[in-house]
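Protein sequences, first through last, are from chains A and L.
Residues in the first sequence are numbered consecutively from 1, following the numbering used here.
Residues in the second sequence are numbered consecutively from 1, following the numbering used here.
The hints are simulated quantities; they were obtained by calculation from the structure and are not laboratory data.
For glycine and all other residues, C-beta sits at the position ideal for the given N, C-alpha and C.
Just so you know, not all the hints are guaranteed correct.
Stated by the list, open to error - Computed footprint of chain L on chain A, listed as stretches where at least three residues anywhere in the stretch have a Cβ under 8 Å from a Cβ of chain L:
id, region
1, 73-83
2, 106-112
3, 259-265
Said to hold, decoys possible - Straight line, CA to CA, 20 Å or less: simulated SDA-like cross-link-like pairs of lysine to any residue:
id, chain 1, residue 1, chain 2, residue 2
4, L, K132, A, T71
5, A, K111, L, V61
6, A, K64, L, K125
7, A, K132, L, V61
8, A, K6, A, V72
9, A, K284, A, R332
10, L, K111, A, A90
11, L, K125, A, V72
12, A, K75, A, D63
What the hints assert, rightly or not - Taking CB as the label site, the calculated pair distances span:
id, chain 1, residue 1, chain 2, residue 2, range
13, A, Q131, L, P124, 33 to 41 Å
14, L, D222, A, S74, 40 to 48 Å
15, A, S346, L, P124, 35 to 43 Å
16, A, D69, L, K344, 34 to 42 Å
2 protein chains.
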Amino acid sequence: MREPNKRLAILSPIAWRTPPRQYGAWETVASNITEGLVARGWDVTLFASADSVTSARLHAVMDKGYEEDSTVDSKVAEYLHISEAFERAAQFDLIHSHYDFMPLSYTRLIKTPVLTTIHGFSSPKIMPIYQKYRDGYFVSVSDSDRATGLNYLATVYNGIDLTLYPLRERGGDDLIFLGRIHPDKGVHLAIEVSRLSGMRLIIAGIIQNEAYFREQVQPHLDHQNVRYIGPVDVAGKNELFARARVLLHLNTIPERFGLVLVEANAAGVPVVAMNLGSCREVIKDGQTGFLVGNVAEAVLAVGRISEIDRGACRTRVKRHFSIETMVEGYERVYSTIFDLEAKKRS
Amino acid sequence: MREPNKRLAILSPIAWRTPPRQYGAWETVASNITEGLVARGWDVTLFASADSVTSARLHAVMDKGYEEDSTVDSKVAEYLHISEAFERAAQFDLIHSHYDFMPLSYTRLIKTPVLTTIHGFSSPKIMPIYQKYRDGYFVSVSDSDRATGLNYLATVYNGIDLTLYPLRERGGDDLIFLGRIHPDKGVHLAIEVSRLSGMRLIIAGIIQNEAYFREQVQPHLDHQNVRYIGPVDVAGKNELFARARVLLHLNTIPERFGLVLVEANAAGVPVVAMNLGSCREVIKDGQTGFLVGNVAEAVLAVGRISEIDRGACRTRVKRHFSIETMVEGYERVYSTIFDLEAKKRS
Numbered sequence: 001m002r003e004p005n006k007r008l009a010i011l012s013p014i015a016w017r018t019p020p021r022q023y024g025a026w027e028t029v030a031s032n033i034t035e036g037l038v039a040r041g042w043d044v045t046l047f048a049s050a051d052s053v054t055s056a057r058l059h060a061v062m063d064k065g066y067e068e069d070s071t072v073d074s075k076v077a078e079y080l081h082i083s084e085a086f087e088r089a090a091q092f093d094l095i096h097s098h099y100d101f102m103p104l105s106y107t108r109l110i111k112t113p114v115l116t117t118i119h120g121f122s123s124p125k126i127m128p129i130y131q132k133y134r135d136g137y138f139v140s141v142s143d144s145d146r147a148t149g150l151n152y153l154a155t156v157y158n159g160i161d162l163t164l165y166p167l168r169e170r171g172g173d174d175l176i177f178l179g180r181i182h183p184d185k186g187v188h189l190a191i192e193v194s195r196l197s198g199m200r201l202i203i204a205g206i207i208q209n210e211a212y213f214r215e216q217v218q219p220h221l222d223h224q225n226v227r228y229i230g231p232v233d234v235a236g237k238n239e240l241f242a243r244a245r246v247l248l249h250l251n252t253i254p255e256r257f258g259l260v261l262v263e264a265n266a267a268g269v270p271v272v273a274m275n276l277g278s279c280r281e282v283i284k285d286g287q288t289g290f291l292v293g294n295v296a297e298a299v300l301a302v303g304r305i306s307e308i309d310r311g312a313c314r315t316r317v318k319r320h321f322s323i324e325t326m327v328e329g330y331e332r333v334y335s336t337i338f339d340l341e342a343k344k345r346s
Numbered sequence: 001m002r003e004p005n006k007r008l009a010i011l012s013p014i015a016w017r018t019p020p021r022q023y024g025a026w027e028t029v030a031s032n033i034t035e036g037l038v039a040r041g042w043d044v045t046l047f048a049s050a051d052s053v054t055s056a057r058l059h060a061v062m063d064k065g066y067e068e069d070s071t072v073d074s075k076v077a078e079y080l081h082i083s084e085a086f087e088r089a090a091q092f093d094l095i096h097s098h099y100d101f102m103p104l105s106y107t108r109l110i111k112t113p114v115l116t117t118i119h120g121f122s123s124p125k126i127m128p129i130y131q132k133y134r135d136g137y138f139v140s141v142s143d144s145d146r147a148t149g150l151n152y153l154a155t156v157y158n159g160i161d162l163t164l165y166p167l168r169e170r171g172g173d174d175l176i177f178l179g180r181i182h183p184d185k186g187v188h189l190a191i192e193v194s195r196l197s198g199m200r201l202i203i204a205g206i207i208q209n210e211a212y213f214r215e216q217v218q219p220h221l222d223h224q225n226v227r228y229i230g231p232v233d234v235a236g237k238n239e240l241f242a243r244a245r246v247l248l249h250l251n252t253i254p255e256r257f258g259l260v261l262v263e264a265n266a267a268g269v270p271v272v273a274m275n276l277g278s279c280r281e282v283i284k285d286g287q288t289g290f291l292v293g294n295v296a297e298a299v300l301a302v303g304r305i306s307e308i309d310r311g312a313c314r315t316r317v318k319r320h321f322s323i324e325t326m327v328e329g330y331e332r333v334y335s336t337i338f339d340l341e342a343k344k345r346s
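Make a model of the complete structure from these sequences and hints.
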């Protein structure tokens with residue numbers, strides 16, 4: 001599917017390094033796509049922070065992600081970083097943006113087609129800009145996370161590097177939570193499940209909402225039954241997966257994709273997730289975990305977790321959520337765009 | 001100086017309406033330039049919020065300024081508003097931006113020249129983007145507020161509509177402060193001058209720094225000697241000028257321009273300002289007020305304020321800080337740009 005004469009630009013966010021050291025789902029996916037494309041022989045330029053690690057050609061204007069560099073203004077960094085890719089548009093046959101809505105505002109000033117993977121709609125207030133540019137090219141990361149009226153070419157599920165998360169044949173005893181500490185992610189519900197099931201819970205992730213952490217998480221921490229260990233990198237995740245009986249993901253709003261569910265499944269860890277949004281696409285109910293409607297159902301699901309075949313969890317990730325599957329998905333989308341653009345010109 | 005075949009776009013900020021109802025210095029200046037250009041026969045399109053008031057052609061994508069509309073995300077509003085002007089670049093011979101550094105990031109994607117009036121550098125962290133685009137066309141609003149290395153074509157002082165601020169032949173008894181409630185503006189120093197001189201102080205302006213207001217302003221308010229009356233519109237400013245003996249402007253960092261100094265002087269109100277930044281250019285020491293180095297000097301200056309001829313204050317504004325003078329200044333700059341662009345093409 002590679003088109004040898006085509007030059008691709010991947011525009012990654014610069015909140016964090018690509019790939020991120022710890023948190024940074026969008027940068028993770030941008031990295032996985034980039035590396036997957038290079039592995040398949042594509043000519044790829046990655047626009048990311050200068051400390052990024054890639055086998056593609058790296059183009060950087062900011063030394064570090066703005067979340068990792070207090071000397072930098074995030075707004076300045078964004079404008080400098082995004083415009084840099086568009087100023088070089090003529091060098092590319094396609095710009096593939098992973099950087100939210102901002103790059104859309106440059107798309108009508110260049111001739112190169114731009115594909116936007118929408119990794120999530122952070123607020124209804126960002127919809128006006130998507131509506132203005134709805135005729136662009138879009139990919140959703142799950143069927144559930146779509147806005148009406150946008151020119152979607154496909155859903156391409158995020159893919160992970162399975163070699164990073166080896167299968168744990170035997171699970172541990174703990175419940176684990178992995179994600180941003182934010183009400184959306186239902187950390188408080190995971191704590192309730194821990195309490196009701198009498199199982200230990202280990203919580204990992206960046207604190208995105210300080211008040212929520214202080215009021216709904218911290219009071220339950222006791223270094224024993226409920227522990228918070230901060231953000232974790234890949235090694236830290238694997239340590240967690242090794243001791244995990246189940247990953248709890250009781251999000252309170254529809255998840256957009258849920259990369260961590262896939263990572264857990266890859267390691268053989270079953271997932272108990274809320275029956276909302278993309279969780280329904282990522283988790284196969286009864287096969288790679290359970291979809292639940294509330295805390296009571298989650299407790300019951302945890303009790304039945306031995307019914308889940310850990311090997312089957314990994315197999316499903318291999319088939320649907322690997323880098324290769326994702327890159328093949330994008331290759332089909334790129335092909336569609338090249339065809340459409342060729343027709344426009346002829 | 002008008003060039004009848006040239007079409008101008010004025011890009012105003014959209015924090016507030018153009019002109020603003022109350023606070024909003026950049027929108028005020030953008031409005032004054034627009035109206036001044038139209039009055040002199042130019043073909044002008046103003047990019048501003050839809051509720052803006054102008055005799056130019058108005059192009060708007062946002063109903064209101066984002067500071068006046070809680071349903072709007074300011075970042076989305078900015079990207080939509082700025083890109084709109086650049087997407088229409090081919091319709092203009094010049095885009096004149098008053099909207100900070102963000103529009104610079106679009107300038108290399110269009111052929112129309114862009115002039116940026118830098119109304120202020122809000123932080124050293126924004127300098128990298130000015131440095132990248134340093135070869136653009138820039139105007140400073142005072143000689144003092146210049147960054148090194150930028151391609152400045154001129155300093156053009158901001159101009160006001162003098163008809164809005166009629167001369168008060170006789171002053172009142174009060175000290176007045178007009179500006180954002182922020183440490184930069186030295187409200188606390190004005191309060192000290194009030195205390196030491198035994199004169200009443202009336203403070204007007206938006207509270208930009210809540211903690212500063214709470215800690216350094218509010219404790220001194222007594223409805224008698226020191227009063228805070230909130231933000232004021234033009235009518236409110238005129239009421240203040242009518243009762244003012246002197247305007248105190250004891251800014252703690254170099255002022256960029258200081259529109260309020262000019263407004264006060266237009267009304268015949270002398271100004272005691274810190275001997276810093278653009279105040280040295282706007283206030284003629286001993287003629288339209290006094291430049292001082294500290295609170296003690298400010299108290300002495302207030303005592304000598306009867307030496308200032310109120311009519312001379314207004315005369316100086318007419319000569320140097322009127323809309324007409326400003327527009328003539330910009331016409332010269334536009335002319336320079338048209339010549340430079342013609343040379344580039346030939």
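To see whether the hints hold, each was checked on the structure:
no.	hint	verdict
1	73-83	holds (count 7)
2	106-112	holds (count 4)
3	259-265	violated (count 0)
4	K132(L) to T71(A)	holds, 17 Å
5	K111(A) to V61(L)	violated, 24 Å
6	K64(A) to K125(L)	holds, 14 Å
7	K132(A) to V61(L)	holds, 10 Å
8	K6(A) to V72(A)	violated, 34 Å
9	K284(A) to R332(A)	violated, 25 Å
10	K111(L) to A90(A)	holds, 15 Å
11	K125(L) to V72(A)	holds, 6 Å
12	K75(A) to D63(A)	holds, 15 Å
13	Q131(A) to P124(L): 33 to 41 Å	holds, 37 Å
14	D222(L) to S74(A): 40 to 48 Å	holds, 42 Å
15	S346(A) to P124(L): 35 to 43 Å	violated, 51 Å
16	D69(A) to K344(L): 34 to 42 Å	holds, 37 Å
Hints 3, 5, 8, 9 and 15, counting from the list given before, are not met by this structure.
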